[in-house]
Structures are given as C-alpha cells and as structure tokens.
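There are 4 protein chains.
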Amino acid sequence: MIIVTNQNMTETQWENLCRNLEERGFQIHVIQGVEKRVIGAVGDKRRVDFRYLESIPGVEKVIPILSPYKLAARDVRPEGSVVQVGDLKIGGGHFGVIAGPCAVESEAQMMEVAEGLKAAGANGLRGGAFKPRTSPYSFQGLEETGLKLLAQAREKTGLPVITELMNLTELDLVVEYADIIQIGARNMQNFGLLRAVGRQPKPVLLKRGLSATVEEWLMAAEYILAEGNEKVILCERGIRTFETATRNTLDLSAVPLVKSLSHLPVVVDPSHGTGKRKLVIPMAKAAVAAGADGLLIEVHTDPANAWSDGEQSLDLNEFGELMKEVRKILAVEGKQLG
Amino acid sequence: MIIVTNQNMTETQWENLCRNLEERGFQIHVIQGVEKRVIGAVGDKRRVDFRYLESIPGVEKVIPILSPYKLAARDVRPEGSVVQVGDLKIGGGHFGVIAGPCAVESEAQMMEVAEGLKAAGANGLRGGAFKPRTSPYSFQGLEETGLKLLAQAREKTGLPVITELMNLTELDLVVEYADIIQIGARNMQNFGLLRAVGRQPKPVLLKRGLSATVEEWLMAAEYILAEGNEKVILCERGIRTFETATRNTLDLSAVPLVKSLSHLPVVVDPSHGTGKRKLVIPMAKAAVAAGADGLLIEVHTDPANAWSDGEQSLDLNEFGELMKEVRKILAVEGKQLG
Amino acid sequence: MIIVTNQNMTETQWENLCRNLEERGFQIHVIQGVEKRVIGAVGDKRRVDFRYLESIPGVEKVIPILSPYKLAARDVRPEGSVVQVGDLKIGGGHFGVIAGPCAVESEAQMMEVAEGLKAAGANGLRGGAFKPRTSPYSFQGLEETGLKLLAQAREKTGLPVITELMNLTELDLVVEYADIIQIGARNMQNFGLLRAVGRQPKPVLLKRGLSATVEEWLMAAEYILAEGNEKVILCERGIRTFETATRNTLDLSAVPLVKSLSHLPVVVDPSHGTGKRKLVIPMAKAAVAAGADGLLIEVHTDPANAWSDGEQSLDLNEFGELMKEVRKILAVEGKQLG
Amino acid sequence: MIIVTNQNMTETQWENLCRNLEERGFQIHVIQGVEKRVIGAVGDKRRVDFRYLESIPGVEKVIPILSPYKLAARDVRPEGSVVQVGDLKIGGGHFGVIAGPCAVESEAQMMEVAEGLKAAGANGLRGGAFKPRTSPYSFQGLEETGLKLLAQAREKTGLPVITELMNLTELDLVVEYADIIQIGARNMQNFGLLRAVGRQPKPVLLKRGLSATVEEWLMAAEYILAEGNEKVILCERGIRTFETATRNTLDLSAVPLVKSLSHLPVVVDPSHGTGKRKLVIPMAKAAVAAGADGLLIEVHTDPANAWSDGEQSLDLNEFGELMKEVRKILAVEGKQLG
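Going down the list, the sequences are from chains A, B, C and D.
For the first sequence, the tail end lands on 1086 under this note's numbering, and the numbers increase by one without skipping.
For the second sequence, the tail end lands on 1086 under this note's numbering, and the numbers increase by one without skipping.
For the third sequence, the tail end lands on 1086 under this note's numbering, and the numbers increase by one without skipping.
For the fourth sequence, the tail end lands on 1086 under this note's numbering, and the numbers increase by one without skipping.
This is chain A alone, in the form it adopts within the complex:
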C-alpha cells in the first residue's frame, strides 16, 4: 500500500499515521519526494479495508498495490478452471452454448424450443422461472411451475438447465431443479445471495452488474469462492453507458482481461448485451474470437409473441445459423463444443 501525504501535514499527524500503521502490522518505508512524502506500507492486508486511512488528517491518497481478490486470482490456478455439468463443460478449451427463452411460458413452448436447441447443437438450456422486471406490472415468471417445465425439458433432451435465483427464500427450490444457478446482473452485489449460493454445491453463473467494474465483479465471485463453492462461471452481459442505440454496451474486452486476471471461465450473453436481434450473431462470433468459454443466447420459437425480451430473441432458424457461424470460429480457436 502506498500512502501519499499532503505538504501541510504536521509532524504530530505524521507520527500518528506511522504509529497507526505499525500497530496494524505494517512495515513502513518512507520516500521523500520533491513536493510530497510518500509511505510504502508493506504487509499482506488485503482482507482489511484501509480506505479509512484517507480520513487521517494529512493523508492525501491511499493506493493499494495488491489486487483485493485472492481466490479468484489467476495464479491460484494458472491453467484455468473448468466447470462441468454432465456433458456441458465450460473452460479449458471446452465451449458451452446455453440457449433458451427469456421466460418459461408453457410446456409446449419449452419442449419445442429445447428439442430444437438440442438438434442445433446447444449443450445447455436456459429459461427464467423468476423474472426480474423493471415494472411491478410486468409478467414476473411462472415460478415453481416454470422450474418443473425446465426439469421436464432436461428429462426429454438431456440438456442441463440454468435458471436465475432472485431471492434467498427461493434458494432451496431453485437448487432442487436447476443444474446451474444464475445470479442476475441486478443481484451481482446482493451479498447475502452470493454467500448463500457459495454454501451449496451447484455451479453458479455470475452475471456482471450493469455498472460493475471488472474488479467489483471478481470481488463478487470472491464472495462465492470464499464460502467454498469453486464452480463459478462469469458472464459478461453488457454494461450501462451513454449509448442508447444498443440496450447495453457489450464489453468484450472484459473477456481477455478477466481471463488474464482470473482462472474462472467467462461466457458472453450477446442477447442482453445488445438487445437487438440482428446484432446477436455478429457479437456471438466476436465473443468466440475474443476468447470466451461459452455463450448465453435467448431463443424463442416465436419471438413476436414472447412474453418478454422478444426484440432480442432469435428463432430456431436463426439459432441454427448462429451455431454454424460459431462452429467455424471455434475451429479456428481450437476449442470444442462441450
């Protein structure tokens, strides 16, 4: 940790600061600069929040040197992690394509889409039973009925199922039915929820928050890892920027960046990331080329009548086209599906 002091710090303030640091177990190295005095405080204290040092009179800035996450860091497992559920493998050269409707709507819908996806080559099935909706008046999901339909679709197709958990109170229910538990963007810093999914055994797909930095995202993963669950998949799904021509701004550079910082696999959701059907295929291809370990794609048998997010859903034909294109880039990358 580097501590920059003001020119007008008094000697008493200086001594207080040094004593404060030493009491907390730091070794102190002082550098006298041209205008400012700087302290290098040595000691692995990443588990403590030292932002409070900035409030000590005479302290101008505190600059941490070590990254604040430990279990998520690349050097914990330099070869990279692989998360596996049945035939679906994500990471380490294995690529997952998880597809399905935004919301589970009916048995007919789920069976038709699941079989179509399986035929086209998807190796995971997504579908929302609990839906986070901006408006209290919008459709909020079929809840347990939706979970049962997902399980039924898994039964029929063998595809592992991923679905979103929104509330602690529904944890047991979702864990019972799902193969992978999704934490949505709006809950990326719902720390109670993160801890809870960290204490159960199923893999967790952690979406990046709308305005989360890469560091905050990795710290959210650290919450899950710190509870003992190592099976975390990160999902880039677009961040909020000034640009309104797309629903979000898909930050594909986060893929190679996160992979250099962390051992966790990273998948990309170009459906939410762009919010526009015509951009999904090009951005899915770009995600593969950027080094992603998988994709999350919204597919609906009849997007024009979807109960939510129809404007960004592909139909089964378009999904077939996506798979064809994605396979070509995967071949270049030397990665295999599943």
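Simulated from the structure, these hints should not be mistaken for laboratory data.
Hints should not be assumed to be uniformly reliable.
[What the hints assert, rightly or not] Computed cross-link-like contacts, SDA-like style, restricted to lysine to any residue with a CA-CA straight-line distance of at most 25 Å:
id	chain 1	residue 1	chain 2	residue 2
1	B	K784	A	K818
2	A	K784	C	Y885
3	B	K1026	A	K818
4	A	K1072	C	Y885
5	D	K1072	B	K809
6	B	K809	C	P826
7	B	K784	C	E771
8	D	K809	A	Y885
9	D	K818	D	Q775
10	A	K818	D	K809
11	B	K809	A	Y885
12	D	K1083	B	E1073
13	C	K1026	D	P805
14	D	K784	A	L814
For clarity, every value in this text was computed on a predicted model and none was experimentally measured.
With the hints as your guide, set chains B, C and D onto chain A.
The following block gives chains B, C and D in isolation, referenced to the frame of chain A:
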C-alpha cells in the same frame, strides 16, 4: 403508444401487426408519413410490457407515450407527500437531517455521536448494522447487536432511527428496531425486497441505484407503493460515471426533476455522493437550494478511526458547521427543520 | 415527427402549436389518447432542428421519426461503399490493416517499422506527425518533418500513408503528404475541420468521439459527405465509460450496428480501444468476427522506448502474430486482405 | 512516481528499468513488498509523459504522485484568481451572471433581450454567432453579422460580451468583437485553439468537455495558461452519463472540487447542464450554494420561436425570477454581484 414501421414491411406483416394490437384492446390510428408508416395505438396499457412488439417483423421502433409508473406520479397527490415519524417530518416544507456513522461500532461511539447530533440539530439518526461491502473480507456490521445499540441511542435522544435492510431473512429483525427502513443503492432493483418492505407499515428510504435512471428509480418506488406502503422517501446518492475524482457523481438535478414527476419526498446523501469530506458541506447546501426535502449525512466522532467510509465522514464539529450553513439556506427556502 | 402534449395544455396553446406546424409545411394528424393528445406531423423536415417545439407551452415531448442523416444512410448505397487508395481497399469484402507507431519519431524508426509491417502483410501505414496530447508539456509531434518521413516510408514500401489532421491551418500540408486524412476522436465534432476535409479529394478516416453516440458519429460523417467527399471510413476506437481497467471501452457492437445503418466502411482500433498491449490481438480478432472492414494497429519497433502510447503498442513480432490470427478469421469471413 | 512490478519480472528487466529511470534523472527507492517489488522514483518530472514505462516488460502499473498541471494548481495563487472585464468581476467573492440567447438571431431580438437582462441585473451578455451544431443542416449562426449585433448590444447596455470561438481561422474576428472568448465543450481538447487563445489578451471561458474528467479540464486550462494568458474562467456545463432524462448531468460537485485544486474561478451553465427550462432556476440556486463564481444562463425573449435550444431557454420574466432567487443565496454566501 407509437409504432414506427419499416419501409419494407409486407402487407401480410402489416395486417398481422394490426390484428395483434386490436386483439389486445388497442384502437389504431394510422399516419402515412413521407417515408414511414406510423401507428398510434390508443389504450391505457401501461401495466403490460409491449417491448415485444419490436420483434414483430416490419416493426422498427415502439415508443411509449404514458410514463410507466402510476402510483408514484405527481398527479396522484399534486401537493406532495409528507413522511412523518415522531418529530421527524420529510416533505411538504419540512426538512429532515438524518445523520450518523456509516457503521454502528460500539455503545460508546453510538451514544456520543447520537447526543452530539441531537445537540447540533439533527432530527434523525442513521447507522448501519448490516453493511454491504464490496469485499467479503471487510467488516460486515454488528448485525442484531448494532440494531440494539441504535434502539438504545433512540431511547436516549428521542431521534428516530434509520438503518439498512439487506436481506429478506432479516426483515422482521430490522422492522422491529428501525423507524425507517433503508433500501441501499445495490438493492434498488432487488424486487423481492421491495415487495416485502411494501407489505410492512414502516416508512422506506429508497436509495437510487448506482446506474439507475430516474424512471427506473420511480419504478422501484412503484413496487413498494403497489404493495400498499405509501411512506416512501427517495434518496439521491450519486450515480456512476466516468469521473473518478469523486466517488460518485451526485446528480442534484434529479431532485427538482423527480419532484416534478412524483409526489414522493426526495433527500440527498452528499457523503456517498461525493466520497470526500471536504465536498460534503458545499453539496449539502446545494441540495437544499435545489429543493431537497432532507439530507443523509455520515458523521463519526473520530473519522480517522472509523471502521468504514471514514474518508467521507464529518466529525461533530464539522457537522455543527454544516447545520449552521444549512439553516441559512433553509431560511431562504422557507422550509423548517422537522 | 410525433408531438406529445400535456394534459393541461390550453385550447389557445393547442391552436398556436397547430398553426406553427402548418406554417412550416407539416400535415397534421391528431390522435386522442386515454390521457394525452398526440400529433403526428408529416413532412420530410429532417434538415431542420425541431427541438425548439419542446419549448412551446403545453408540449411535453417531440419524437423524431426519420433518422437525421441522409447521405450516410444505408439505403443510399445498399451494397456498401468501398474506399480505395492504391492497393489498399476497405469495404465490400476487402479488409485493410493499417499499422504503425503512435508518433513518427525518426527516420530509422519509420523505415524499420514500415518495412517490417509490409513484410508482415499490413496494407497501410499510420503514424502521427501532429499529436493531440492531454498535457501541453508532452511531446507534440515532429510536424512537417514527420510528414516527410511518412512520405519517405511510403516511397520505400509502397504502403499508403494515413496521418492525423488536427488544425485547419495545417490542412494543405497534411493533404500534400497523406493518402488518407485521419480526424481524431477529440475532433469528431470540430465542424469546421469536418467541412474542410469534405471539400478536398482525399479519403477521410473519422474516429468516433470518446462520448459520441452512433447517431452523432454518423452526423459527423454527414458533415463531410454534405461537402461532396464520399470517401469516408469510420473508425471505432473505444468510448469512455465508468470502467477504468481498460483505457476505453471498445464498443464492438457498434460495428454491425453502423453497418446496418450506413453504407460507410467501419474499421476498428483495438490499440486505443483497450490501451493494453495484451488485449490488442484478441480484440483485433473479435473485430474481424464482428464484421469490421479493417484494423488500425499501433506498432513500434521498441515499445518500451516509444515517445507515446508505448503501453498499447505491439512490437513487430507481436504484429506478425496478430496478422497470422487475423488471416484465419478473415478466411472464415470470406474477406480478403486489400 | 510509484512503479509496481510483476512477480515474474526477470533480473535483467529489473536492471533495465532502474537504468532507464536513472538516465532520466530519477532517484530510486525500492520497497520489497510481500508479493511485489515497488519503486518510488523521485524527481519533478511532471512535464514528461511516463505512461510509456508501463510498456517495459515486468512493469505492471505506473502511478503518478504529482498532479500533472502546475500553473492551474491552487498553490500558485492560494487566494484565488479574479477575472475582470469592465464592471464584470468573476472570482474572489465577486459573482457574474452572464445571460443571453443561444444564438444571435436579429437586431430586434438582441436589443430587446440585452436591455431586459441589464434591467434584471445580469452583468454580462452571451450570444452565439458561430454555432456548433450536430447536424450540418441546422442553423449555424449569423457569423460576423452576429458579432456586430453583440457589439451593438454592448454599446447600448454597457454589458461585456461573451461569444464562442470555434475555428482558428475566426480568431481575429472574434477577438475584435468579444470581451470574453468562449471555448465550447466540443473544443475543450482542440489544442491548437487553446494555444491560440492563450496567446491573445482577452479572458477565456473554458467549458468542460462532455466526457472530460476534472483533471483533463484543468490540463486544458494549463494549455492556455502555459501560453501566457492568465485570465481563464472554467465553466461546468454538464457531463454525459447514462441518464437521458436530462440533456446532460450537471456535475455540481466539480465546483468545490475544482476550487480546492485550482485558483481559477468556476461558473456554471445550468441551461446546457440540464436542457430543461424548469430545472434551470433550482440548479442555478444550487450552483451558488455549491460555491460557484458565476452563472451562464440562456434567455430568449420568445423561447418558443428560438432558432436553437428553445427548450432550455428562460424568458425575461423567468430570468427576473432567477435573479431574485439567486440574490438571496448570494446574500447567504456573502458574495456580491459584479
């Protein structure tokens, strides 16, 4: 609702669209423009999500005309709402100053700060018992012990107490001790939590999310109002932008804007909004001048030794200075404290 | 154009508004909604700014229907434009790789890098002679000497040369030496400069501004096109967002989006877009997969001693690696280099 | 300057780095941390760009300690600068209210508005003769005719005149007519223009760029100061964020922040900052309370028929109301108009 169609829409697509709208109870008005055909679809359907219309082939854009919130809208109560707890009134010309430490740390700290705040003129007491922290390794709050210390400080000073609720599982506990329940920025779209606080009787202070638009913020309030709890206070606490010189960018223009759109009172948190102690007083004054109904201020008896957020906390002397300045602007505004 | 009125608009205000519109040549269609009255005003008035209508008492919102650019729109040339300079072709299935140092530094540097790039397969040479620098104390470029060195490198390698024009006063000088004139991100809305390059015959590469929407970017291109120069290449180089882990956020989804809206070719600059050397190759590949028509890559023979932007420059070996990877994705895309 | 190295830096790389720093005149202090080795490099090298150090193999991060601006820094003139033109004083307890139409439209308009503003208490007159417009088809200003009308209005009212300079080629013309030269937000990093206004004697009002950090804004001022012109006024006019309910997000916290970092006076433009007429008065008041040294307000005699920006212009009655409110807050602040 206005629906803009593509030039290359087919007649069959056009007929499908019109039938779809009529089946959902809309009256259709067609405007033939120079290049595009536009539909005005009349009917109060704000409770339904019609974004899916954008996925109908031939539809280019769907533009809602009515605002999506109803209970939060200004015209429900044009004179504005007042939220009252004991002597603390917020809204309708009454101004609340709620102050206290970021986190409850000890009995000595809470009693000293509460008495100091009371003496300086605060009419509400804040303090975190459950703390949302970016890192799993940071101090997470004293939990029930913290709530008890808050209650004890209320006992001693008569100040009503506000504290954050983070998880559904702690709802009963927090409701038991708190006078006002705070929903933090990270939980602004934790819809299960919003519904739960909408079903209990205590007032709710709803912080704006880091990347929430004013419309999304009002929709989050609508979740609470829709469950029957009318006592909602909005709190502007800064949004996330590209600027890193301040912790967040305090969006003061949201105060007069929200007050024109909604009847709900709006308070401002310049401590989180700026993250820098020296900016708290000027921005507190600016908030009053912009028309805010109250302030949320972090105060610590010894900021340099605070367990969290010390760099943005005032000490009691500085808080006294803030009150002196704020009273002057309140006099100009013709508003009264409490 | 759609005009939404307030519920409390008076009849006099209504009549004034209607007269105002009719005087400007609009046909008026009135839609009486449940709560609001809406006007559809028909007439191709895209060349006029009608935002002022929002200031007419009783008018709540004005929503344009037609996009504000005309010459840049896709339907002007649905097959897409190709910009050609010597052997370098960009657009219509032809892919350009323009590479070189951030700043021209010396003859030795330019000759070495230009020959290395040519050998590795680049088909254009970039280099800054006038450098926009945040600090007045930073190196500002070799100016005319730099332009001469670029011309000399072109002489030797046959590679067409692209360089940035910063000021109107240097227009003739830059036009004399350059094959393609670059307008930098900071000058995207320097309208005098846009008009000036629109009146000369050389192709223009127009970088997207740090905080420019796609629509504003296309409007900036419209300034050049409106003066008669049709040879405009757009360049996505990252936008400014809250994320600081990368220098900018490379908005790759803008590539397929712009290509659907406009006939102009789009190239991508992953060097500025990410600001980190290790992210350049993955994002270059992703750009090709997203449908870009070319790349702009910073290459320096000795990045550790570059006079500017060394942290994002590749060396010649790394550039060779980039070309190898890019060729593979180009093969999948069915595009050819040059 | 602090240089953080990677764990896997080789000894040769280490020696190269140290030699490189010493050759550039730095004294080196090494701190051996738990995981990383850190160098404190001492020497006032703020005039050099050391970002290139990040490209030296083994270097992870370079952290500057000194702020990059020198002439703009507060400690150059701790009492703060005052810019004076005739009776208009800005800074040091003097408050300027500069008002007028977005664009100069006609003699009748300018005379009427100037006299009305003078009567209401404005002490400066603004008006655009050259207008930066997103669309090439929008009204671009009356140019020299506009400048002459401004001079005529000054003649009549005694109010000093401020107008925007957009192009180097119009410098002499604008300097001839204007009392204060405005550099617009889009030109904040038009470095040639900054240097040019730094070499002439009239005061310069420098608007903050749409996506400029406070540091970049001060560096832009440094460009002007470094050429010898000390009469620089900064103008906060809103930054671009994700929020679209206002035209920009007015960053009022930048006012006290900049005043703590720099001796330059800061004024606020709530008209562009919010883009909504009804928000102008509350935000003007808030600006005064936050410590601003002046205001820039758009006023039009007939906003509904303004040629540009009518939706954010006050009429003369509203401006009178603004002055009444602003005077009250000025009294509290102990500042005087002019």
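Taking the hints in turn, this is what the structure says about them:
For the suggested pair B/K784 and A/K818, the alpha carbons sit about 56 Å apart, so the restraint of at most 25 Å is broken. For the given pair, A/K784 sits about 21 Å from C/Y885 by alpha-carbon distance, which is consistent with the 25 Å threshold. Between B/K1026 and A/K818 the alpha-carbon distance is near 34 Å, which puts this suggested pair outside the 25 Å criterion. The hinted pair formed by A/K1072 and C/Y885 fails the criterion: a straight-line CA distance of about 53 Å is larger than 25 Å.
Simply put, D/K1072 and B/K809 have alpha-carbon atoms about 45 Å apart, too far for the 25 Å limit, and the pair is violated. Between the alpha carbons of B/K809 and C/P826 the distance comes to roughly 21 Å, so the proposed pair stays at or under 25 Å and holds. Between B/K784 and C/E771 the CA atoms are separated by roughly 22 Å; this keeps the pair inside 25 Å, and the hint holds. Our distance criterion of 25 Å between C-alpha atoms is broken by D/K809 and A/Y885, whose separation comes to about 49 Å.
Pair hint D/K818 plus D/Q775 holds up; C-alpha atoms about 21 Å apart against a cutoff of 25 Å. Using a Cα cut-off of 25 Å, the hinted pair A/K818 and D/K809 holds, with the two alpha carbons roughly 19 Å apart. Between B/K809 and A/Y885, the direct Cα distance comes to roughly 22 Å. Compliance with the 25 Å bound is thereby established for this hinted pair. A distance of roughly 15 Å separates the Cα atoms of D/K1083 and B/E1073; the hinted pair therefore holds under the 25 Å criterion.
Taking the CA atoms of C/K1026 and D/P805, the gap is near 12 Å; set against the 25 Å cutoff, the hint holds. Taken as a hint, the D/K784 and A/L814 pair is honoured in the structure, with Cα atoms around 8 Å apart against an allowance of 25 Å.
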